[in-house]
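Top to bottom, those sequences are chains C and X. Each residue of the first sequence is one higher than the last, beginning at 119 in this note's numbering. Each residue of the second sequence is one higher than the last, beginning at 119 in this note's numbering.
Please note: incorrect hints may appear among the correct ones.
For chains that are exact copies, the list does not tell them apart, and a pair is met inside one copy or across any two.
Heads up, simulated DSS-like pairs for lysine-lysine below, C-alpha to C-alpha not over 30 Å straight-line [to be verified]:
1. 138 <-> 531
2. 172 <-> 193
3. 193 <-> 206
4. 121 <-> 206
5. 206 <-> 196
6. 193 <-> 495
7. 196 <-> 361
8. 559 <-> 121
9. 199 <-> 261
10. 442 <-> 559
11. 484 <-> 199
12. 210 <-> 193
13. 514 <-> 336
14. 199 <-> 210
15. 196 <-> 556
16. 333 <-> 361
17. 537 <-> 261
18. 556 <-> 333
19. 199 <-> 121
20. 566 <-> 462
21. 138 <-> 261
22. 196 <-> 210
23. 462 <-> 344
24. 172 <-> 333
25. 537 <-> 484
26. 462 <-> 537
27. 531 <-> 462
28. 121 <-> 514
Rather than coming from a laboratory, the hints here were simulated on the basis of the structure.
2 protein chains.
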Amino acid sequence: MSKPSIPEGTRDFGPSEVRKRQYIFNTVRTIFERYGFQPIETPAMEQLATLTGKYGEEGDRLIFKILNNGLHDQKDAKRIKLEEEWQKMLSKPYSSPTVTERALRYDLTIPFARYVVMNQNDLALPFKRYQMQPVWRADRPQKGRYREFWQCDADVVGSNSLLNEAELICIYQQAFDTLQLPVAIKINSRKILAAIAQLVGAPEKLTDITIALDKLDKIGWEGVSKELVTKNIDQEGIDAIQKITLIAGSTEAQLAEMSQHLSSKLGDEALAGIDELRNTLAYYHQLAEQNWMGAVKIDFTLARGLNYYTGIIAEVVCTHPDVKMGSIGGGGRYDDLTGLFGLKNLSGVGISFGIDRIYDVIEELKLWPPQMHNGAKILLLHTGAALETYVLSWLKTLRQQGIAIELYPDASKVDKQMKFANKRSFEYVLIAGEEEEKQQKISVKNFKTGHQEMMDAAQCIEFLSNI
Amino acid sequence: MSKPSIPEGTRDFGPSEVRKRQYIFNTVRTIFERYGFQPIETPAMEQLATLTGKYGEEGDRLIFKILNNGLHDQKDAKRIKLEEEWQKMLSKPYSSPTVTERALRYDLTIPFARYVVMNQNDLALPFKRYQMQPVWRADRPQKGRYREFWQCDADVVGSNSLLNEAELICIYQQAFDTLQLPVAIKINSRKILAAIAQLVGAPEKLTDITIALDKLDKIGWEGVSKELVTKNIDQEGIDAIQKITLIAGSTEAQLAEMSQHLSSKLGDEALAGIDELRNTLAYYHQLAEQNWMGAVKIDFTLARGLNYYTGIIAEVVCTHPDVKMGSIGGGGRYDDLTGLFGLKNLSGVGISFGIDRIYDVIEELKLWPPQMHNGAKILLLHTGAALETYVLSWLKTLRQQGIAIELYPDASKVDKQMKFANKRSFEYVLIAGEEEEKQQKISVKNFKTGHQEMMDAAQCIEFLSNI
């Protein structure tokens with residue numbers, strides 16, 4: 119058998135990585151819970167029909183499809199069908215249910231919408247749920263982009279109140295403050311983007327405009343303006359869009375300038391997005407901590423790729439000068455998500471934490487908390503067959519006190535056991551040897567300082583319980 | 119769009135189910151950690167080649183394979199190859215890498231072996247790992263059998279000591295005691311089964327014999343003996359096997375009788391399995407709690423289906439009279455697991471918790487702990503636009519104290535909000551209405567008793583912090 123490997127774009131997580139990831143998950147989970155969000159989990163496998171057509175053409179191509187089982191057991195008509203359907207799949211973007219009925223979850227939002235529709239009679243609305251699970255995309259793997267990665271979402275469905283938007287921004291604020299990451303939370307309204315499209319006389323090109331604006335950070339204004347030309351936006355329109363990208367100043371000044379810009383040409387109904395932003399920020403300021411490491415900012419160029427957003431949108435970037443990383447979180451309001459599954463008029467708003475990127479940033483900035491849980495810190499040596507009964511009696515005594523302790527299970531040489539202790543970075547090594555047995559004690563060795571002390575059971579329990 | 123559904127054999131977990139499952143996971147995790155086991159996680163997608171041939175012919179058929187992407191973009195030679203390979207797959211049990219390179223994890227043991235081989239230079243041996251992740255099997259779904267289900271495994275690799283077996287049995291004991299489930303932990307040695315196969319003159323039929331014996335509980339001795347006939351075991355052999363199934367009495371008596379049975383015909387080397395059992399039990403008794411709800415028992419008919427076991431094997435069944443459920447846990451030693459991936463002479467021993475079945479048993483016996491975490495218990499009502507600022511000031515004050523609290527986000531009628539509180543089973547409802555604002559207080563209503571009291575901030579914080 120050749121050397122084993124794992125699929126490109128997937129990862130194994132060793133003990134220290136799992137613990138660090140758990141630290142992030144637990145931090146976010148605690149805050150979700152404090153805001154009254156409840157956990158749900160959906161299957162990794164969804165019906166392919168549930169996912170197809172929800173993520174655009176590009177998205178459809180990136181869905182991992184699962185082959186139906188029992189293919190070679192088929193005869194006659196079924197076999198012929200399998201051959202025909204395969205030909206179709208090779209000829210066009212098409213997935214035959216005869217060949218593949220199921221697929222891997224592509225995000226957490228569509229499964230959530232499906233869940234809400236399937237459980238609509240039992241759910242108390244508004245329903246606030248959070249979900250932390252892996253998703254799969256057949257994207258080309260690169261630094262920071264994986265084919266299996268975790269999403270960590272909180273959504274509210276069934277409430278139109280902008281208080282939800284404000285609470286979700288507060289959740290971002292508290293989570294990143296707890297994680298000690300300096301961030302900017304950029305917000306905008308899709309309604310403003312729609313008004314801009316109208317302003318330039320191309321309301322049907324809203325998607326083109328948002329896709330182009332989305333790239334402003336990467337390709338600069340020159341790149342965006344070129345792309346707008348290819349989308350047949352005229353020069354006057356492009357100038358109007360550029361003007362908007364240049365709006366700066368305080369939040370109030372930004373809102374006032376945009377307000378004037380839109381209303382002078384479009385009238386008051388174009389200002390719904392401005393009102394949304396103003397009200398969301400007002401709520402946010404009533405609820406948020408004043409002193410934290412980040413800031414909430416209006417960014418009129420913020421577009422967020424996904425088509426289904428209709429109201430406030432948000433994106434989080436790390437502002438530490440050493441960090442070059444795209445967004446580490448994002449979200450927004452979608453007015454009719456469950457409509458995809460036949461349940462109309464249910465508004466939703468949600469945010470997502472980019473767990474893998476947050477991990478990379480904390481790793482880069484070395485911000486793991488020193489007291490982070492690292493598993494058993496204490497190793498009990500195996501001092502040989504003759505002393506085994508004595509060693510095991512200590513193991514039992516200490517474990518009964520709830521002390522996490524690892525026994526070296528083989529009667530190996532002390533050297534080998536010490537090497538093991540070193541490689542695993544235990545803090546204390548316990549030795550129950552001959553002398554210790556004679557005195558009915560145990561030696562506790564601080565592995566960093568080398569300091570070693572003999573203790574009786576009461577002393578040892580007290581000492582180890584306090585580390 | 120037709121009504122959405124999820125694939126047969128998969129499940130959504132709502133908030134209360136997620137919390138109950140977390141209770142089981144956390145209970146088991148705490149005990150794993152106390153014994154020095156460390157967490158790892160492996161990808162859901164493995165290379166198909168990593169899995170194929172590891173679970174027997176039946177297992178291979180049950181692996182969920184993932185279709186390669188970009189199939190319809192292929193031309194000429196690649197397209198012809200895709201057509202040919204598909205024909206092959208329709209004609210025989212075969213999986214073409216041109217069609218499918220990846221598959222879903224089938225269990226946690228093979229990925230663990232792969233992980234150890236890939237990380238052999240970095241791991242400190244013995245390596246004790248635990249892993250709690252879903253696995254997927256294209257089995258026919260039925261009560262208690264899912265296509266997506268969770269495994270929860272602890273394994274030690276790189277140590278031959280039977281202390282590992284004893285510690286793993288202690289883990290079972292403590293976990294099921296904490297979960298308040300009465301269980302029997304049945305143990306046996308594969309070496310004894312091998313000796314029995316030798317005894318009946320059919321050492322090459324060890325697998326046939328174990329597969330037949332495995333069904334004793336289900337089909338009785340008559341069924342087993344019929345199956346043995348079809349496997350060409352002669353009547354004398356079948357009688358010898360039956361004798362073994364009838365061995366009873368105390369552990370010591372069982373061991374003595376089996377000892378005599380084997381050694382009289384095969385000599386002392388047949389007794390390795392007896393020694394293993396005796397030593398494991400001796401270690402176990404030195405380490406285990408004396409008073410617990412279950413028992414550890416020798417069962418010479420215990421076989422465990424999996425081929426790779428070579429030493430001690432174990433299985434856990436719930437002994438509560440109301441519970442009809444197969445094994446809720448099992449494991450054993452496998453002398454050469456990583457050999458499958460080219461790393462020889464590394465012995466492993468592990469156990470698995472059947473999380474889904476344990477969940478069902480706890481549910482059936484209503485053994486969820488009353489203090490189990492159920493999310494936010496407190497709802498703050500929205501008393502209308504005019505009072506919003508006052509309501510939000512309370513929300514901020516209480517959340518700052520770390521109190522988990524949910525705000526009803528819309529200014530709906532009080533009736534509607536109370537219905538919501540009822541459906542969600544909140545314990546307390548907070549009302550910051552006009553009178554409360556006048557007095558700068560808040561009303562705390564106990565939702566069960568109906569008792570309502572006005573409190574100032576200090577009183578309210580103290581009260582809510584203590585519930």
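For each hint, the structure was consulted:
Taking identical chains as interchangeable, the C-alpha atoms of residue 138 and residue 531 are never at most 30 Å apart, the minima being 33 Å within one chain and 45 Å between chains. Taking the shortest Cα distances, residue 172 and residue 193 sit within 30 Å of each other only across copies (28 Å), while inside one copy they are farther apart (34 Å). Both within a single protomer and between protomers do residue 193 and residue 206 lie at most 30 Å apart by alpha-carbon distance, with minima of 19 Å and 14 Å respectively. Only between protomers do residue 121 and residue 206 lie at most 30 Å apart by alpha-carbon distance; the minimum there is 26 Å, versus 36 Å within a single protomer.
Proximity of residue 206 and residue 196 under a CA criterion of 30 Å is satisfied in both settings, with 15 Å inside one chain copy and 15 Å between copies. For a Cα distance limit of 30 Å, the shortest separation of residue 193 from residue 495 qualifies neither inside one copy, at 60 Å, nor across copies, at 58 Å. Taking the shortest alpha-carbon separations for residue 196 and residue 361, neither the intra-copy value of 61 Å nor the inter-copy value of 50 Å comes in at or below 30 Å. In the homo-oligomer, the alpha carbons of residue 559 and residue 121 never lie at most 30 Å apart, since the shortest distance is 48 Å inside one protomer and 69 Å across protomers.
Taking the shortest alpha-carbon separations for residue 199 and residue 261, neither the intra-copy value of 42 Å nor the inter-copy value of 32 Å comes in at or below 30 Å. Taking the shortest Cα distances, residue 442 and residue 559 never come within 30 Å of each other, neither inside one copy (55 Å) nor across copies (48 Å). With identical chains, the CA atoms of residue 484 and residue 199 are never at most 30 Å apart, being 57 Å at best within one copy and 49 Å at best between copies. With identical chains, the CA atoms of residue 210 and residue 193 are at most 30 Å apart both within one copy (25 Å) and between copies (12 Å).
When the C-alpha separation of residue 514 and residue 336 is checked against a cutoff of 30 Å, the pair qualifies neither within a copy, at 60 Å, nor between copies, at 38 Å. In this assembly of identical chains, the alpha carbons of residue 199 and residue 210 lie at most 30 Å apart whether taken from the same copy (17 Å) or from different copies (17 Å). Taking the shortest alpha-carbon separations for residue 196 and residue 556, neither the intra-copy value of 78 Å nor the inter-copy value of 76 Å comes in at or below 30 Å. Taking CA atoms no more than 30 Å apart as the test, residue 333 paired with residue 361 passes inside one copy only; the shortest distance there is 17 Å, against 77 Å between copies.
When the C-alpha separation of residue 537 and residue 261 is checked against a cutoff of 30 Å, the pair qualifies neither within a copy, at 35 Å, nor between copies, at 49 Å. Taking the shortest Cα distances, residue 556 and residue 333 never come within 30 Å of each other, neither inside one copy (74 Å) nor across copies (52 Å). Taking CA atoms no more than 30 Å apart as the test, residue 199 paired with residue 121 passes between copies only; the shortest distance there is 26 Å, against 38 Å inside one copy. For the homomeric pair residue 566 and residue 462, neither the shortest alpha-carbon distance inside one copy (63 Å) nor that between copies (35 Å) is at most 30 Å.
Within a single copy, residue 138 and residue 261 get their C-alpha atoms as close as 19 Å, which meets the 30 Å cut-off; across copies the closest is 37 Å, which misses it. With identical chains, the CA atoms of residue 196 and residue 210 are at most 30 Å apart both within one copy (21 Å) and between copies (15 Å). In this assembly of identical chains, the alpha carbons of residue 462 and residue 344 never lie at most 30 Å apart, being 38 Å within a copy and 61 Å across copies at closest. In this assembly of identical chains, the alpha carbons of residue 172 and residue 333 lie at most 30 Å apart only when taken from the same copy (22 Å versus 47 Å across copies).
With identical chains, the CA atoms of residue 537 and residue 484 are at most 30 Å apart within one copy only, with a shortest distance of 27 Å there and 48 Å across copies. In this assembly of identical chains, residue 462 and residue 537 lie within 30 Å of each other by CA distance solely across copies; the values are 22 Å between and 64 Å within a copy. Within a single copy, residue 531 and residue 462 get their C-alpha atoms only as close as 71 Å, which misses the 30 Å cut-off; across copies the closest is 22 Å, which meets it. Within a single copy, residue 121 and residue 514 get their C-alpha atoms no closer than 41 Å, and across copies no closer than 56 Å, so neither meets the 30 Å cut-off.
Violated hints for the displayed structure, listed by number in ascending order: 1, 6, 7, 8, 9, 10, 11, 13, 15, 17, 18, 20, 23, 28.
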